[in-house]
Amino acid sequence: MAQSTNFKSKYQVNEQGYYGQFGGAYIPEMLHPNIEELQQKYLEIIYDEAFQHEFHALLKDYVGRPTPLYFAKRLSEKFNTQIYLKREDLCHTGAHKVNNTIGQILLAKRLGKTRIIAETGAGQHGVATATVCALMNLPCVVYMGEVDIQRQAPNVKRMQMLGAEVRPATSGSKTLKDATNEAMRDWIANPTDTHYIIGSVVGPHPFPDMVARFQSVISEEMKQQLKEKTGNENPNYVVACVGGGSNAAGAFYHFLDNEAVQLVAVEAAGHGVHSGMSAATTQLGRIGVLHSSKTLFMQTEDGQVIEPHSISAGLDYPGIGPIHANLFDTQRATFLSATDTEALQAVQLLARTEGIIPALESAHAIAVLDRIGAKPTDVVVVNLSGRGDKDLDTYIRELQ
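Numbering (our numbering), first residue to last: 121 to 520.
Bear in mind the hints are in silico, worked out from the structure with no lab data behind them.
Where is the CB? At the ideal position from N, CA and C, for every residue including glycine.
There may be inaccurate statements among the hints.
[To be verified] Computed cross-link-like contacts, PhoX-like style, restricted to lysine-lysine with a CA-CA straight-line distance of at most 20 angstroms: (1) K495 x K198; (2) K495 x K193; (3) K233 x K161; (4) K193 x K347; (5) K193 x K349; (6) K495 x K349; (7) K180 x K343; (8) K277 x K294; (9) K161 x K229.
[Said to hold, decoys possible] Derived DEER-like restraints, expressed as beta-carbon distance ranges: (10) G283 x R194: 39 to 49 angstroms; (11) N378 x L255: 34 to 44 angstroms; (12) D422 x H173: 47 to 57 angstroms; (13) T497 x E266: 41 to 51 angstroms; (14) Q465 x T497: 23 to 33 angstroms.
My request is simple: use the sequences and hints to build the entire structure.
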């Protein structure tokens, strides 16, 4: 994390915990001590020399960083531009999520916490949290929607093998939103000994900023690798899928203030943006408070959450993190969307052109490559956030 604590940017969080008009910490009284402790100490702890040494040693020797930046020759030929894939799918546990869980478990230990909770949708964050809890010998409870438990069964089994307890969320749509609600309730009930490892750039300040900083290693490596491969550390485009938005936050982080780099965030359109079965938050959402943060989310006229839909469990979330709400509001990033069908087509395309089977989430980013307007000489980096093992049952069912 080369990012210094005094770095100032109109796209980074301010001292009040806001990105423009989005962010903040709208929390119940019971959580004030926890959140205040985090707000006061997180930067001091994570930029401590000993923390940085331990964090980067684990990223290198345990996670397998730096992840490769791969020139996708056949994909580039198909779209007539220069496409590089940032291979987060090659991280230990199979996705970018572990970058953040390692950072947060080290933080939790320095805060004296003895129990970890987490929420998960696709299961990748749950697996990454269970992994670091096993590594650090801390008990772990992962909340997961009952629907997601069914569609991501291999990841449930992985979490259990790693020693985590997986608790089903049985309310609402029984997906990621509801798992997050249950995790918040647990934290309110156990504020003293428990640290909540939030998996995305959502929730009360300082979580969105903290998660973005831990994930910023992605764009930090991109710059170094692009310099080696192309002679220029800045691409023309960075493309990433967005649910809550942690992989996109990490991929965009070190390019935010360089307006020459076009940032493309891809949401899940589900059955179609206006089908009533979608998770395209920027197209359908309004400002409100979701999971203790002011952001954009899909809601009814009286502010009730509209249930999202995506074939991808990791994008099945009714809002986006305040970082991304601000990037949309300021037009710093372009927000596109891909349907379930388009994502499945992108899975097959990448598998058959490059021999890489991506996660359904990542496939949404591949699905828009014909829409970003890249020229033949442009350099496009797609953040391949995870691998497709966890989605194999869906692929078997859908890709006949």
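Can you name, in rising order, the numbers of the hints this structure does not satisfy?
Violated: none.
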